[in-house]
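*Asks:* For the protein sequence lines, the chains are B and R, in the order given.
So for the first sequence, my numbering puts the first residue at 11; every next one is plus one.
So for the second sequence, my numbering puts the first residue at 11; every next one is plus one.
For the record, the hints were derived by calculation from the structure and aren't laboratory data.
Where hints are given, some of them may not hold.
A pair counts as met if it fits within one copy or between any two copies, since identical chains are not told apart.
What the hints assert, rightly or not - Pairs of lysine to aspartate or glutamate, EDC-like flavour, derived with a Cα cap of 20 Å:
hint: 1; residue 1: K283; residue 2: D395
hint: 2; residue 1: K283; residue 2: D70
hint: 3; residue 1: K270; residue 2: D87
hint: 4; residue 1: K283; residue 2: E271
hint: 5; residue 1: K270; residue 2: E123
hint: 6; residue 1: K94; residue 2: D46
2 protein chains.
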Amino acid sequence: MISVEQHLDRILSTVTVIPPFELGVLDAQGCILAADVQARGSLPGFTNSAMDGYAVHASDIATASAESPVTLPVVNDIAAGNTKPWSLASGQTMRIMTGAPMPHGADAVVPVEATDGGVVRVQIRERRSVGAHVREVGEDVEAGNVVLRRGTLLGPGQIALLAAAGIARVRVVPRPRVVVISTGDELVEVGRTPGFGQIVDSNSVMLTAAVTAVGATPFRVGGVPDDARTLMETLEGQLVRADAIITTGGVSMGAFDTVKEVLSRVGTMRFDKVAMRPGMPQGFGVLGDERVPVFTLPGNPVSALVSFHVFVAPALRAMAGRPEPSYPPGYVPAVAAEPFGSVEGKMEFVRVILDDDRARLAGGQGSHMLGALAAADALAVIPEDVTEVAAGDELMCLPLLGREGM
Amino acid sequence: MISVEQHLDRILSTVTVIPPFELGVLDAQGCILAADVQARGSLPGFTNSAMDGYAVHASDIATASAESPVTLPVVNDIAAGNTKPWSLASGQTMRIMTGAPMPHGADAVVPVEATDGGVVRVQIRERRSVGAHVREVGEDVEAGNVVLRRGTLLGPGQIALLAAAGIARVRVVPRPRVVVISTGDELVEVGRTPGFGQIVDSNSVMLTAAVTAVGATPFRVGGVPDDARTLMETLEGQLVRADAIITTGGVSMGAFDTVKEVLSRVGTMRFDKVAMRPGMPQGFGVLGDERVPVFTLPGNPVSALVSFHVFVAPALRAMAGRPEPSYPPGYVPAVAAEPFGSVEGKMEFVRVILDDDRARLAGGQGSHMLGALAAADALAVIPEDVTEVAAGDELMCLPLLGREGM
Numbered sequence: 011m012i013s014v015e016q017h018l019d020r021i022l023s024t025v026t027v028i029p030p031f032e033l034g035v036l037d038a039q040g041c042i043l044a045a046d047v048q049a050r051g052s053l054p055g056f057t058n059s060a061m062d063g064y065a066v067h068a069s070d071i072a073t074a075s076a077e078s079p080v081t082l083p084v085v086n087d088i089a090a091g092n093t094k095p096w097s098l099a100s101g102q103t104m105r106i107m108t109g110a111p112m113p114h115g116a117d118a119v120v121p122v123e124a125t126d127g128g129v130v131r132v133q134i135r136e137r138r139s140v141g142a143h144v145r146e147v148g149e150d151v152e153a154g155n156v157v158l159r160r161g162t163l164l165g166p167g168q169i170a171l172l173a174a175a176g177i178a179r180v181r182v183v184p185r186p187r188v189v190v191i192s193t194g195d196e197l198v199e200v201g202r203t204p205g206f207g208q209i210v211d212s213n214s215v216m217l218t219a220a221v222t223a224v225g226a227t228p229f230r231v232g233g234v235p236d237d238a239r240t241l242m243e244t245l246e247g248q249l250v251r252a253d254a255i256i257t258t259g260g261v262s263m264g265a266f267d268t269v270k271e272v273l274s275r276v277g278t279m280r281f282d283k284v285a286m287r288p289g290m291p292q293g294f295g296v297l298g299d300e301r302v303p304v305f306t307l308p309g310n311p312v313s314a315l316v317s318f319h320v321f322v323a324p325a326l327r328a329m330a331g332r333p334e335p336s337y338p339p340g341y342v343p344a345v346a347a348e349p350f351g352s353v354e355g356k357m358e359f360v361r362v363i364l365d366d367d368r369a370r371l372a373g374g375q376g377s378h379m380l381g382a383l384a385a386a387d388a389l390a391v392i393p394e395d396v397t398e399v400a401a402g403d404e405l406m407c408l409p410l411l412g413r414e415g416m
Numbered sequence: 011m012i013s014v015e016q017h018l019d020r021i022l023s024t025v026t027v028i029p030p031f032e033l034g035v036l037d038a039q040g041c042i043l044a045a046d047v048q049a050r051g052s053l054p055g056f057t058n059s060a061m062d063g064y065a066v067h068a069s070d071i072a073t074a075s076a077e078s079p080v081t082l083p084v085v086n087d088i089a090a091g092n093t094k095p096w097s098l099a100s101g102q103t104m105r106i107m108t109g110a111p112m113p114h115g116a117d118a119v120v121p122v123e124a125t126d127g128g129v130v131r132v133q134i135r136e137r138r139s140v141g142a143h144v145r146e147v148g149e150d151v152e153a154g155n156v157v158l159r160r161g162t163l164l165g166p167g168q169i170a171l172l173a174a175a176g177i178a179r180v181r182v183v184p185r186p187r188v189v190v191i192s193t194g195d196e197l198v199e200v201g202r203t204p205g206f207g208q209i210v211d212s213n214s215v216m217l218t219a220a221v222t223a224v225g226a227t228p229f230r231v232g233g234v235p236d237d238a239r240t241l242m243e244t245l246e247g248q249l250v251r252a253d254a255i256i257t258t259g260g261v262s263m264g265a266f267d268t269v270k271e272v273l274s275r276v277g278t279m280r281f282d283k284v285a286m287r288p289g290m291p292q293g294f295g296v297l298g299d300e301r302v303p304v305f306t307l308p309g310n311p312v313s314a315l316v317s318f319h320v321f322v323a324p325a326l327r328a329m330a331g332r333p334e335p336s337y338p339p340g341y342v343p344a345v346a347a348e349p350f351g352s353v354e355g356k357m358e359f360v361r362v363i364l365d366d367d368r369a370r371l372a373g374g375q376g377s378h379m380l381g382a383l384a385a386a387d388a389l390a391v392i393p394e395d396v397t398e399v400a401a402g403d404e405l406m407c408l409p410l411l412g413r414e415g416m
């Protein structure tokens, strides 16, 4: 029997960051930058107006006030998108829109609100200093400078900055492609009615959803019967598109545990009893020339989802180049709302409903109990040496993926 | 000038929950159930073994102990997926695997660890009570009972429960389909090099990413020139696939503000100055027979992203049938790490970097400053009546979407 930490350490010391790949900036959403990115162009790319108003020589309106406005001729309109460079002579103005290029010579903008809005001549009622409402070329970003560092997570603001700085494609750590396979002669596909002795393959849809929720890309193979040859062929066939493979079932003490039987022949695979409940029978190793990580999770659905949260999700984050966050989906503190027992010598993952930070049991805790699992918000993590939790005790909880919502 | 709350109230009292739609369970990930769902079958669907071991009549092994084991003949193997109903006579055992159907007459399972693992006859070293390691039909979920209530967010566990209970398709509130349009003659498409007076259309990629980050489905139209007819035709053409439309640009005080010009003719659209910085010029209304909500956001990128967080994201959540969460992406508390000023009479959204709960300025706060925006984790929300924030002051922060990561 090994500890949860030992099994996780073995996994995290085996998996490696996926080799970088070039993607379009929008497709790179949620990915980690694999290299520093330099701006192709400056931002702004040309000196422009920050307001709708009038471009002026500030010295021409130095005396302007509400009581004694300055009137200037309006010799041009400059709209955003105007691609012609203009020049503004002293004693004149040009009407200018937000984002439009400043005419050469002009050094300030008077907002339209400080004028009479005239189109032939304009009465200016307030003075403005040199530089007022002017955005200087390069004041946000200078061409050639690093705009985003390697390791940055690309969200909406980062993608906008890249696009604006002239970057259409970036090298990122791609989302891990994760093949999801269930094993068992008892499985029927979702939508079919199981006969006596059969069950719907809910594990592969659950783990496919979990892979999506963690930000990776799932490929659901679905159910494979308990046949060594079929399973091996399936695994070999999927290796080509997999950064990782997850199987469920066939790793326990049974006489027909095909996953264990097939993969035990592979050198790097190791099957262990891990001191946890649920989820004791775990297997992990790498497969093929590319050393694709394979997680063989137990077949009970609650065990499988707990194993995913505890072992697979951290591994996928590491493969995606992310630092493990301290905040969701990391552990969060809570308080037990009711007493419950816990088995000694095993780390127990108790399905709980969180009401703010108060955690109550989500119902039946059997490892086959999907009803209670579906009611839960989080897993309360009870250490090996704790056998009794009293109401009011502090707990660490692992929020269930895909429950935070939009 | 209206307040942020007034504008948001108007939006939230106008938008409605999108009509329910039937989706496959996996496609419904992240959606809200539109109706209670009843189980088609029971869970478990048949009484089965919770362990790999031996099915017995508990009365036959009542005296079993390590010192005085009970030996019984093994008359059959029952694997998971065995679809034949067997019967177990008293005085006999059958080897049984986890999830395999219990033979008629058997009332307990002895785990293989408590035996010698025999295949012809087995020595049983521990007694087990009636019901031990047996999962009774329907003990998790009974056929016909409600398994998930209307309003439930579908994550991995919920999807697994639905699939297991025989549900392949569910009525949910679909993800809002959101059309994203930028306006302006100055825009060039991502990947093209802007000429003098031009900029890359970064707003539409930013807001497309933001729509994705909030869990809705974006359709990026991209840049549309400042031409009333083109804009109106684009809007009309997109209405058919839109649950909402977002535009950027053309809503300020400019002489060529096409969005304002075109949509002002439409009865329900209203353009307001909202007491906020950045993001003052806002427009909102509904368009077409389907009363599609239209958000006309300002064209400065920082203003656009702030407006998305403050007005559009809550509206999309409401349209998706979600209760507004109190937890991400809601407001979180933080402490100012440094002093900064704030304009009086406007709610200010300051781009900050969070180091745990300590918030420091992310750099230049101009509404065109993408560099500082891309460095930020959150928007610190400074109320209208606050003009000075001191180091150590408590702040409320709105985390930026898509920055939490995997």
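*Asks:* It remains to establish, for every hint, whether it holds in the given structure.
*Replies:* Hints, one by one, checked against the model:
no. : hint           : result
1   : K283 with D395 : within (18 Å within a copy, 61 Å between copies)
2   : K283 with D70  : neither (83 Å within a copy, 30 Å between copies)
3   : K270 with D87  : between (76 Å within a copy, 19 Å between copies)
4   : K283 with E271 : within (16 Å within a copy, 69 Å between copies)
5   : K270 with E123 : between (76 Å within a copy, 18 Å between copies)
6   : K94 with D46   : neither (34 Å within a copy, 62 Å between copies)
When the structure is compared with the earlier hints, violations turn up for hints 2 and 6 and for no others.
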